[in-house]
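K.L.:
Listed below are the residues making up each chain.
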Amino acid sequence: MADGFGGKEKCSDQRLVSLPLSRIRVIMKSSPEVSSINQEALVLTAKATELFVQYLATYSYKHGSGKEKKALIYSDLSNTAEESETFQFLADILPKKILASKYLKMLKEEKGEGEEDEEEEEEEDEEDDESEDEEAES
Amino acid sequence: MAERPEDLNLPNAVITRIIKEALPDGVNISKEARSAISRAASVFVLYATSCANNFAMKGKRKTLNAGDVLSAMEEMEFQRFISPLKEALDAYRREQKGKKEASEQKKKDKDKRIDSEEQDKSREDDNDEDDERMEEEEQNDEEVDN
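These protein sequence lines map, in sequence, to chains S and Z. Residue numbers for the first sequence follow this note's numbering, beginning at 1 and rising by one. Residue numbers for the second sequence follow this note's numbering, beginning at 1001 and rising by one.
Worth flagging that the hints you see were computed from the coordinates, not collected in a lab. One should not assume that every hint holds.
[Stated by the list, open to error] Simulated DEER-style distance windows between Cβ atoms:
no., chain 1, residue 1, chain 2, residue 2, range
1, Z, E1087, S, K62, 17 to 27 Å
2, S, K111, Z, E1074, 42 to 52 Å
3, Z, E1074, S, P32, 15 to 25 Å
4, S, L99, Z, K1062, 49 to 59 Å
5, S, S101, Z, S1035, 21 to 31 Å
6, S, P95, Z, R1017, 23 to 33 Å
7, S, S35, Z, R1093, 20 to 30 Å
8, Z, P1084, S, L104, 45 to 55 Å
9, Z, D1109, S, T86, 43 to 53 Å
10, Z, E1074, S, E83, 15 to 25 Å
11, S, M106, Z, K1020, 35 to 45 Å
[What the hints assert, rightly or not] The calculated SDA-like cross-link candidates involving lysine to any residue, where the alpha carbons are at most 20 Å apart (straight line), are:
no., chain 1, residue 1, chain 2, residue 2
12, S, K62, Z, T1016
13, S, K97, Z, S1030
14, Z, K1086, S, L16
15, Z, K1031, S, P95
16, S, K62, Z, K1020
17, Z, K1031, S, S78
18, S, K29, Z, S1071
19, Z, K1099, S, N38
20, S, K70, Z, S1035
21, S, K69, Z, P1024
22, S, K62, Z, A1022
23, Z, K1020, S, S65
24, Z, K1062, S, Q39
25, Z, K1031, S, I73
26, Z, K1031, S, N79
27, Z, K1020, S, P20
28, Z, K1099, S, E40
29, Z, K1060, Z, S1050
30, S, K69, Z, E1021
31, Z, K1060, S, S31
32, S, K62, Z, S1038
33, Z, K1097, S, N38
34, S, K69, Z, T1016
35, S, K29, Z, M1057
36, S, K29, Z, G1067
37, S, K70, Z, P1024
38, Z, K1020, S, A71
39, S, K69, S, Q54
40, Z, K1031, S, G64
Glycine residues also receive a C-beta, built at the ideal position from the N, C-alpha and C atoms.
Start from the sequences and build out the full structure, keeping to the hints where you can.
P.N.:
Below, the structure is given as structure tokens:
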């Protein structure tokens, strides 16, 4: 597959890094306090990200729900984010999904407490995609 | 610089490949799981960058370097990455050194070629100069002897 993004590290036969350095750099530079990044730091960050992807995938698969062992599914990842200290920093972006009925119940309870969070709206959006809709109906 | 949302994401194809290579054969990855891992990877880059930058600032440097990234991994409790990262760094440095030497060699070869071309062109002039110089030296020698 032709990957048009520049900056891939090409080194003899084995690629040192598969992720495109140019893209990694864009993400790094989006961090406000960062002024400049030495090339070695860029290569290491790209490599570390690869290691991270491998680690997150294998960890989530290993600790994932027994029923879906032939596949890695979203809930495996959100469980990891919630339960593992190492992956805690992902908790906000990998929230757990809840049943629509539970969500509505929560809404009712929180109505009494006052402020509504935007987060709840986000959860609602995610549920639209999910099979949880089926469960909610029954 | 305004970043479009997709600029902060990593290419799906590469992410998918990395995941597939890490998991046992025959295991599938749901589209949602893959997308989640991709987002997680972007967040990881940000977190690592921010952490590494703290080390740079502590060292009163404005440029993030390799050491800062390694320190960040330690801080983030990804010590397991440190050893493979060090290996990757060594390999990268060797490669850079090789590239540098290769390009210096090319330059030397190129200079040599240019020099010899110039010599061919101006050989007659040089010969005249050399002759003059040799005559002067002989004269000097004679004077010294006396």
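K.L.:
If a hint holds in the structure, say so; if it does not, say that too.
P.N.:
Going through the hints against the structure:
1. Z:E1087 <-> S:K62: 17 to 27 Å: 25 Å, holds
2. S:K111 <-> Z:E1074: 42 to 52 Å: 46 Å, holds
3. Z:E1074 <-> S:P32: 15 to 25 Å: 23 Å, holds
4. S:L99 <-> Z:K1062: 49 to 59 Å: Between S:L99 and Z:K1062, where Cβ atoms are some 50 Å apart, the hint holds.
5. S:S101 <-> Z:S1035: 21 to 31 Å: About 26 Å separates the Cβ atoms of S:S101 and Z:S1035, which means 21 to 31 Å holds.
6. S:P95 <-> Z:R1017: 23 to 33 Å: 27 Å, holds
7. S:S35 <-> Z:R1093: 20 to 30 Å: 24 Å, holds
8. Z:P1084 <-> S:L104: 45 to 55 Å: 47 Å, holds
9. Z:D1109 <-> S:T86: 43 to 53 Å: Holds - the Cβ-Cβ distance for Z:D1109 and S:T86, about 52 Å, lies within 43 to 53 Å.
10. Z:E1074 <-> S:E83: 15 to 25 Å: Taking Cβ atoms as reference, Z:E1074 and S:E83 lie about 23 Å apart, which means the hint holds.
11. S:M106 <-> Z:K1020: 35 to 45 Å: 37 Å, holds
12. S:K62 <-> Z:T1016: 18 Å, holds
13. S:K97 <-> Z:S1030: Given pair S:K97, Z:S1030 holds - Cα atoms ~15 Å apart, limit 20 Å.
14. Z:K1086 <-> S:L16: 12 Å, holds
15. Z:K1031 <-> S:P95: Given that 20 Å is the threshold and the Cα spacing comes to 16 Å, the pair holds.
16. S:K62 <-> Z:K1020: This hinted pair holds, its Cα atoms lying about 14 Å apart.
17. Z:K1031 <-> S:S78: The hint holds at about 14 Å.
18. S:K29 <-> Z:S1071: Holds, at about 19 Å.
19. Z:K1099 <-> S:N38: Judged against 20 Å, a Cα distance of about 18 Å means the pair holds.
20. S:K70 <-> Z:S1035: 18 Å, holds
21. S:K69 <-> Z:P1024: 11 Å, holds
22. S:K62 <-> Z:A1022: 12 Å, holds
23. Z:K1020 <-> S:S65: Holds, because 19 Å separates the two Cα atoms, which is no more than 20 Å.
24. Z:K1062 <-> S:Q39: Distance of about 14 Å is within 20 Å: holds.
25. Z:K1031 <-> S:I73: 8 Å, holds
26. Z:K1031 <-> S:N79: 17 Å, holds
27. Z:K1020 <-> S:P20: Since the Cα atoms of Z:K1020 and S:P20 sit roughly 18 Å apart, the hinted pair holds (cutoff 20 Å).
28. Z:K1099 <-> S:E40: 15 Å, holds
29. Z:K1060 <-> Z:S1050: Status holds; Cα separation ~15 Å.
30. S:K69 <-> Z:E1021: 17 Å, holds
31. Z:K1060 <-> S:S31: 18 Å, holds
32. S:K62 <-> Z:S1038: 19 Å, holds
33. Z:K1097 <-> S:N38: 16 Å, holds
34. S:K69 <-> Z:T1016: The hint holds at about 18 Å.
35. S:K29 <-> Z:M1057: At roughly 16 Å apart (the allowed maximum being 20 Å), Z:M1057 and S:K29 satisfy the hint.
36. S:K29 <-> Z:G1067: 18 Å, holds
37. S:K70 <-> Z:P1024: Judged against 20 Å, a Cα distance of about 9 Å means the pair holds.
38. Z:K1020 <-> S:A71: Answer holds: Z:K1020 to S:A71 is near 11 Å, not above 20 Å.
39. S:K69 <-> S:Q54: Measuring from Cα to Cα gives roughly 17 Å; hence the hint holds.
40. Z:K1031 <-> S:G64: 16 Å, holds
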